[in-house]
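Order-wise, the sequence lines are chains C and L. Numbering-wise, this note's numbering puts 165 at position 165 of the first sequence, and it's gapless, one number per residue. Each number in this note's numbering corresponds to the 1-based position in the second sequence with 1000 added.
You may find that some hints are simply not true.
Straight line, CA to CA, 16 Å or less: simulated EDC-like cross-link-like pairs of lysine to aspartate or glutamate [to be verified]:
#1 C:Lys330 - C:Glu54
#2 L:Lys1150 - C:Asp189
#3 C:Lys330 - C:Asp117
#4 C:Lys60 - C:Asp324
#5 L:Lys1143 - C:Asp189
#6 C:Lys234 - C:Glu174
#7 C:Lys334 - C:Asp108
#8 L:Lys1150 - C:Asp243
#9 C:Lys181 - C:Asp243
If you want the footprint, here are the derived chain C segments under chain L, 3+ residues with CB under 8 Å [as the list claims (entries may be wrong)]:
#10 73 to 81
#11 188 to 200
#12 404 to 415
Just so you know, these hints were derived from the structure itself, not from any lab. We treat Cβ as the ideally placed atom computed from N, Cα and C, and that holds for glycine.
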Amino acid sequence: MKKKLALLLALVMIIALAVPVTASADATEISLWTYPIGKWGDEATIKTFTDAFEAETGIKVKVELLAYGGDGDNKINAAIAAGQAPDMVMEGPERLAVQWGLQGHMVDLSDMLDATDLEEINPSTLAAFTIADGTLTGYPLCMNAHCMAINVDAFKRAGADQYVDLETRTWTTEGFIEAVKALNAAGNDTVAAVFCNGQGGDQGTRALVNNLYSGLFIDEARTGYQWNSEENVKALQTLYDLDGVNFDASIAGGDEMKLFRQGILNMAFCWNISGHKNTDDGNEVGKTLTGDEVAFMNFPTDDGNVALCGGIWGFGIFDNGDADRIEASKQFIKYVCDSDKTAEAVVASSFFPARTAAEGNDLTGIFADDEDMNVYNATIMPNLGDYYTITNGFADVRTLWWNMLQEIGAGADIAEATANYTAQADATLG
Amino acid sequence: MSPELRRRETISGYLFLLPSLVFFLGFVVIPMVMCIITSFTDATMNSNQPDVFIGLANYKELWQDPIFLKALRNTIIIVVVSVPVVCIFSLWVASAIFNMKEGPLSFFRVVFYLPVVTGSVAVTVVWKWMYSNYTGIINYVLKNGGIIDKNINWLGDPKYALACIIIILLTTSVGQPIVLYVSALGNVDNSLVEAAEVDGANNTQVFWKIKWAQIMPTTLYILVITTINSFQCFALIQLLTSGGPNHATDTIMYYIYYTAFTRFRFGYGNAMGVVLAIFIAILSAVQFRLAKEK
Chain C
1 MKKKLALLLA LVMIIALAVP VTASADATEI SLWTYPIGKW GDEATIKTFT
51 DAFEAETGIK VKVELLAYGG DGDNKINAAI AAGQAPDMVM EGPERLAVQW
101 GLQGHMVDLS DMLDATDLEE INPSTLAAFT IADGTLTGYP LCMNAHCMAI
151 NVDAFKRAGA DQYVDLETRT WTTEGFIEAV KALNAAGNDT VAAVFCNGQG
201 GDQGTRALVN NLYSGLFIDE ARTGYQWNSE ENVKALQTLY DLDGVNFDAS
251 IAGGDEMKLF RQGILNMAFC WNISGHKNTD DGNEVGKTLT GDEVAFMNFP
301 TDDGNVALCG GIWGFGIFDN GDADRIEASK QFIKYVCDSD KTAEAVVASS
351 FFPARTAAEG NDLTGIFADD EDMNVYNATI MPNLGDYYTI TNGFADVRTL
401 WWNMLQEIGA GADIAEATAN YTAQADATLG
Chain L
1001 MSPELRRRET ISGYLFLLPS LVFFLGFVVI PMVMCIITSF TDATMNSNQP
1051 DVFIGLANYK ELWQDPIFLK ALRNTIIIVV VSVPVVCIFS LWVASAIFNM
1101 KEGPLSFFRV VFYLPVVTGS VAVTVVWKWM YSNYTGIINY VLKNGGIIDK
1151 NINWLGDPKY ALACIIIILL TTSVGQPIVL YVSALGNVDN SLVEAAEVDG
1201 ANNTQVFWKI KWAQIMPTTL YILVITTINS FQCFALIQLL TSGGPNHATD
1251 TIMYYIYYTA FTRFRFGYGN AMGVVLAIFI AILSAVQFRL AKEK
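Could you put together the complete structure from these sequences and hints?
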């Protein structure tokens, strides 16, 4: 009897192992994986949209939150490799178009756009999501320009506030250098950090270097990277020589933002309106933990022409070969990006709408009562520069950029290092 | 036992083995074989791009890849430093505490074993804070003690970063060897020790001639697992430095991960995995041979 029972148990274990775990093939349940784009990285916020969508359509949306900095990408790439990609993903063209789009994993969403949509949606956002064969890999929801931030009170205490124009949120390269010197002389050893632990927030270091002496990251025709140009080498040398500015390979953009919010750094090169409004560290909006006032700023330039790196975010659909699920996913995207829910969805992202109106609802005034958003919209957004992050091979180029900064921070000859890494970056252009 | 009964016993035996065998095949043997096969291809795991057989090209590229060579050098430094330090330090601690009373012995075992059972992420976060260039306690103590006048960027400076990683690795690696040595020293045949002492042997002679020989199997086990763990140092690097600054803390394990999951060159990454496995196998064989000769 005992032996029979043991045999039965063993068989049950084997059968349990043999039963394949399969995802539901039911189109009434679709999956959405999302990176932390404002409150679109917050489960409770996303649930308000998915619950409302389910109530309206009967389609349940199962959400999984992803992290930037490798883990999220690993999850998606592993899922793609295993043939278990989610139905939808929320991200920018850097991944949707340049990575998964070019690999042929994304559904073409161009049939979701009618003439009205094409009038309403910012054309540069659609261009960013469109790959060479014409596939629209993502449907844009929101956009932003990345900037930097300063600790206004620390500047005032050091007498460095004379170098910034808080009306226009602009300053000159010379003013930036003088401000660093003043802050350093006032006893701040760590005024700012050229962070380079990884690619997180690297748009900040790219914009800083390129703006200081009007350099470019890549030429406008996207045929060659410009890291070793005279302007960029001069900018890197200036930063390297400045006491108080560290090339810090131990932190990435997120760490830098935390250190800035803690009042330890006086400037943050990784900033945007979402970061400005973030209170996760226990700070008030627009303040450091020490209560100092924070101001978002354009990057300093020598000629007054600021070119900021941008961010565009939207939804893409993975081509899992199931027409019903693709159709259900399109319904959800339409519900979020082009309906009376869109204003709410954009506000949740903490960024600016990628279109002027959605199904007759004006989106231009959705932040009317929010002074920070209005000031940001007036002073930072107009300086959005070339959206070069959709250049083919950009994922490899990002890695080269922070590796180059690490090498320079370790004391390498700047001209040699930039020449070497520019050649490697150019090789990714094919 | 009748043949029928023996047959039924055999079948039920295999059935009991089957669940773990399925796991072993599915998660060890098959991936291992696939790893070796794909190391001869340009696999990217992109389903739209078929893998092309490229022979030994990945293996040839390894020896011309400066980052791989740097990662190999760093890995060897970690192994060469951490294996002897872990073995000597744990033997020293174990010798000092193994004949203590139960209370103090348990206390020391807990103290040294705690980092082993603490989650590696938690350990790493604490060390990251301790090493911080801005708020770290190490800089705070050294600066206030007048030893340094300016904060040192421990993890951001290539001069210090690898040493910092090795220090953390040591703290998390000594727990298990200490517990094993305490147990092994407690099992040394006391009659031999007493006989040697009666014959006039001093403490050093007793240790090397009697105890060392009897704890040799434990030493061999510790040598092998510490060597393998040191070769496989990954989580610390991933969580603390991402291989930087300027590849100063890249290890083979981290570079495999980076190559496969960031650059999507699975074939090339697997070639590194095969080379790493060969290194570990050779070193383990040498250690076994040396211990056997002893």
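Which of the numbered hints are not met once you compare them with the structure shown?
Hints that this structure does not satisfy do not exist here, as all of them hold.
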